[in-house]
Amino acid sequence: MRLPFTLLSWAVAILLTLPRVPGLSRENAELRLALTQRQLDIAQLREALRHAHQAAALAQEFTATPGIVAMVIGRSLLPTQQTLLLNRGARDGLAQGAVAVHVAGVVGRLTDLSPSTALVVLLTDPDSRVSGLIERSRETGLLVGRGLGQCELIYLNADADAQEGDRVLTAGLGGSFPKGLLLGVITRVIRDESTGSAWAQVNPAAQLGRVEEVLCLPHSAP
Amino acid sequence: MTLFLGCLLAHLALVSIVASPWLTPNLTLIGMVLTVSRLPQRWSLCAVTAGLVAMAWSVRVPALAFFSYLAAGAICRAASAQWDLHDRRVQSVVTGLAGALLLVTALWLEGIWSVGLLAAGMVQVAVTVLALHVVRRLPQPARGAP
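Protein sequence lines, in the order shown, are assigned to chains A and B. To convert, note that position 185 of the first sequence is 185 in this note's numbering; the numbers rise steadily by one, no gaps. To convert, note that position 122 of the second sequence is 122 in this note's numbering; the numbers rise steadily by one, no gaps.
Any given hint could be a false lead.
[As the list claims (entries may be wrong)] Partial pick of chain A residues on the chain B-facing surface, computed with a CB cut under 8 Å:
#, residue
1, His-53
2, Ala-57
3, Met-71
4, Gln-82
[Stated by the list, open to error] Covered by chain B, according to a simulated footprint, are these stretches of chain A (three or more residues, beta-carbon under 8 Å):
#, stretch
5, 112 to 121
6, 146 to 155
[To be verified] Simulated restraints on C-beta separations:
#, chain 1, residue 1, chain 2, residue 2, range
7, B, Trp-113, A, Ala-34, 25 to 35 Å
8, A, Thr-187, B, Arg-137, 36 to 46 Å
9, A, Glu-135, B, Ser-114, 20 to 30 Å
These are calculated hints, taken from the structure and not from any lab test. We put the beta carbon where it would ideally sit given N, CA and C, even for glycine.
Turn these sequences into a full structure, and let the hints steer you where they fit.
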């Protein structure tokens, strides 16, 4: 007995829907557009949230020193010159020689400034020179960039207490870099008995090819 | 010029994505070679634009980046005058030569010469020549179009 009623109700429902059919495709297109817009909004909000988290993490990591958070807006087209372009410049209070750090470690040093941008020379650039200190043994050396994604800690004695996995920090010598910032981790130690010297390959702590935000510490930071 | 500017912008985007600069093909150079093959008279405009953009990133010998690209542009122009620069083999040779010129002058004049950097640079030149063939296959503006 219920089947005819069911069929009848379906037929009525279809008849009631038919006048709306021409507008359905337009409505569907509008909904798809609205959905795409919402998805874009969500993506932008997620990106803003991630940026805020990164900035908060940087600020928390370096609470003692006032700094300016800057975003990386470009990388060098020249592979021999490993630099980053930041979206902050002299107008924002940045100065030449300021140190760019990431939550993971030191990124490099600001060299060229314009009113609204700054150029950072990365640790891996062949011109980069930072006095380094092995955290465990307190041996000091000079961390130099080699242009190939790694650095070398040179001027170590042949019997220097350095081994794979040792963390290298800034030594603070020369005053350019504040003492105690993480530079990288030793991946290999090479000793030359004939010259009485040794050097170590160091992997930068910050993934320099993937840094998106940096904190710029003033040159004279403690 | 649309092709050249597209390649330049793609190059700027690509260096931000690829972790190692040595594995990034020099799309600016590719754009210059392809543009000069179509419009040889535009070589100086391409070379000057590429040189000025490269200079913006330079922290050592900024003039070097500019004049290197100018020399690379002159190589493209000379090649287009002597040979058929539409030929993919000629384009490959010119891209390789210009890429090697950019590399050697940078290593030599910046004073950072080393075997490791030379090897990495040769890898980049090879990647650039390979990328040339990929870019050639992409839809491009009609020949003679500005």
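Here's how the hints hold up against the structure:
{"no.": "1", "hint": "His-53", "result": "violated, 20 Å"}
{"no.": "2", "hint": "Ala-57", "result": "violated, 21 Å"}
{"no.": "3", "hint": "Met-71", "result": "violated, 12 Å"}
{"no.": "4", "hint": "Gln-82", "result": "holds, 7 Å"}
{"no.": "5", "hint": "112 to 121", "result": "holds (count 3)"}
{"no.": "6", "hint": "146 to 155", "result": "holds (count 4)"}
{"no.": "7", "hint": "B/Trp-113 / A/Ala-34: 25 to 35 Å", "result": "violated, 59 Å"}
{"no.": "8", "hint": "A/Thr-187 / B/Arg-137: 36 to 46 Å", "result": "holds, 40 Å"}
{"no.": "9", "hint": "A/Glu-135 / B/Ser-114: 20 to 30 Å", "result": "holds, 28 Å"}
Hint violations for this structure: numbers 1, 2, 3, 7, all remaining hints satisfied.
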